[in-house]
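Novice: One-letter residues, chain by chain:
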Amino acid sequence: MSETLLSVRNLSVAYPGRSGVTHALRNASFTLGRERLGIVGESGSGKTTAGRAILGLIPKPGIVMADELSFAGEPLLNRSESDWRKLRGRRMSMIMQDPKYSLNPVQRIGQQISETCRLHLGSTRKDAEQRSLAMLEAVKIRDPELVYNQYPHQLSGGMGQRAMIAMMLVAEPDLLIADEPTSALDVTVQNDVLRILDDLVTERGMGLIFISHNLTIVSSFCDRVLIMYGGKIMEECAADDLKKARHPYTRALVAAAPSLDEPRAELATVVRDPAWLA
Amino acid sequence: MDNKTAWAIATARQAATFLASLALTFVGLTAVTFFIGRLTKIDPVLAVVGDKASKEVYDQTFLALGLDRPLIVQYALYLKRVLSGEFGISVLTSQPVLSDLLRVFPATFELATIAIIIGMAVGVPAGVWAGARKGRWPDHIIRIVGLFGYSVPVFWLGLVGLFFFYGKLGWVSGTGRLDVFYDDVVTARTGVILIDAAIEGEWDIFRNAFSHLILPATILGYFSLAYIARMTRSFMIDQLAQEYVTAARVKGRSFWGAVWRHAFPNIMVPLITVVGLSYASLLEGAVLTETVFAWPGLGLYITRALFNSDMNAVLGGTILVGTIFVGINLFSDFLYRIFDPRLTAG
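Chains as they are written, first to last, in this note's numbering: chain A, 1 to 278; chain B, 1 to 346.
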């Protein structure tokens, strides 16, 4: 971890509403180099919010505050819309959960991948097509020409997610946020997609933030893991050391996951302590 | 089987379904109008001969109209006549109903088409803007303007419009379709004066017709605008909440780029439905507007026919309106398939 890609200090996201302010993310701090960082947590723990805050995509009236939020040495807070347009897609990107919803249903796959090239690389139509086809091949799609001309509803979930990866990586970003990239897929397909993602990230030396609620996947796929609960980071530890985690929440999560090595008749229930959020 | 063949088969199948539904709708439409016409207390004989006719004349007409035969036979005969384009003679105008309809419908068509163009050209962008800026000032302004469009009576708006834009400012012409001295100058090829004048290169007449048309068309367009904008707004809000819009922004699209290039193509299908229905209801004639602007259109014609128990004219008009609705629905179905690949491609 020689170079710091992303530096986050006390990042908070809040949504003011009629019944008071909702704190979606509270004082999260972490750094990321060209490595894989996992963020795990249950629903509503703020992991998706963290990812979108980094991309500057917190919808109004949400408020983003941080002591520091910088990407490759440049601050990200209060950037202009045109700055963001140059950053997103080109230097940082995101893979979303379900290709059924995250691909535009009325555009051909090829058009959606080419769009990224044309927005950032100044590609001509022909050049964008070449790059898109090459990218479809890179995500191990057997017949790139066919898929290029297909619509999202004609693809399976696994194929759709590969197309999504192609669309988000074609402009070769430095940072990739993968927000539950395999949760909507069949278990058998999950591994294929993860392997493709793994290869591309390694090959291109990208920084990866892997958001998931699946402890097993995260611990096998990432270098470090952040455990989140209620919008706060509970603990950070090396992926191999999850078993040695100190925080009671992390220990409870590990204990609650079924394991083939140590089968148990009854899994532990996670007990949450309001004091953690104080 | 390649994509083109699949597409051709799907198209042929859809065309067959269209024709079948067209035939069925037409039978239903004529049946309902015919039987309602026969069940009303209106005596078709009296409507023809008047109430001062002698018994002989009455009986003779009764037989001539075939009213002694069973209702179902009468319906079959009626259907046969309608299919050969014969709608009978209008009692009110003493003209064949068909030629009446061919005279009044172009007037309504002209008005409705300009109105729906205005409604679409303003309503759709306004709705997109309001939806994209939900809860902020553009949304509120568009809502108030739309609410005004819903709540104000059209005849009042027509009168006020005439008073200001014709009476005070003189920007537009008054009632009717043309100034009197232009009447019958151009041959009624299509009956749509704008087109007829353009064909003959009579641009003075074209301008005059347009200045007569623009005020009633704007007022009608305003009402469909209010509806189209409101519906567009809600379709847009639905689509903007979808993940693919966020994905487009992640790729580096601007907010408005994502709105117009990604969300907007996805609202085309419901939008076509809304615009199609608005256009169909405009084409059936707008009685109040036509009255205020002395516009000799379909709405006015059917209403007059109703008030005078002119059953042939009423039935003819109803069939025309029904056919318009079916036609527009078919056309919308055709457009859906262009804008939504999910309806055609495997």
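Mixed in with the good hints there might be a few duds.
Derived BS3-like pairs (lysine-lysine); straight-line CA-CA distance at most 25 Å [what the hints assert, rightly or not]:
(1) B:Lys4 with A:Lys126
(2) A:Lys60 with B:Lys134
(3) A:Lys86 with A:Lys126
(4) A:Lys232 with A:Lys60
(5) B:Lys52 with B:Lys41
(6) A:Lys244 with A:Lys232
What the simulated footprint calls covered on chain A by chain B, stretch by stretch (three residues with Cβ under 8 Å from a Cβ of chain B suffice, anywhere in the stretch; the number is not a length) [what the hints assert, rightly or not]:
(7) 113-121
(8) 134-145
Quick caveat, the hints were computed from the structure, so don't treat them as lab data.
C-beta: ideal position from N, C-alpha, C; glycine also.
Novice: Please go over all the hints and tell whether each is borne out by the structure.
Specialist: Hints, verified against the model:
1. A distance of roughly 24 Å separates the Cα atoms of B:Lys4 and A:Lys126; the hinted pair therefore holds under the 25 Å criterion.
2. In summary, the hint linking A:Lys60 to B:Lys134 is supported, as the alpha carbons are separated by about 11 Å, within the 25 Å threshold.
3. Under the criterion of a C-alpha separation no larger than 25 Å, the hint pairing A:Lys86 with A:Lys126 is consistent with the structure, at around 22 Å.
4. For a cut-off of 25 Å, the pair hint linking A:Lys232 to A:Lys60 stands: about 21 Å separates their Cα positions.
5. A threshold of 25 Å between alpha carbons decides the hint, and for B:Lys52 with B:Lys41 the separation of about 18 Å falls inside it, so the pair holds.
6. A hinted pair counts as satisfied when its Cα atoms are at most 25 Å apart, and A:Lys244 with A:Lys232 qualifies at roughly 20 Å.
7. With a threshold of 8 Å between beta carbons, the proposed coverage of the region 113-121 of chain A by chain B holds, since 4 of its residues qualify and at least three are required.
8. For the region 134-145 of chain A, the stated coverage by chain B is violated: 0 residues have a C-beta nearer than 8 Å to a C-beta of that chain, whereas at least 3 were required.
The structure shown violates just one earlier hint, number 8.
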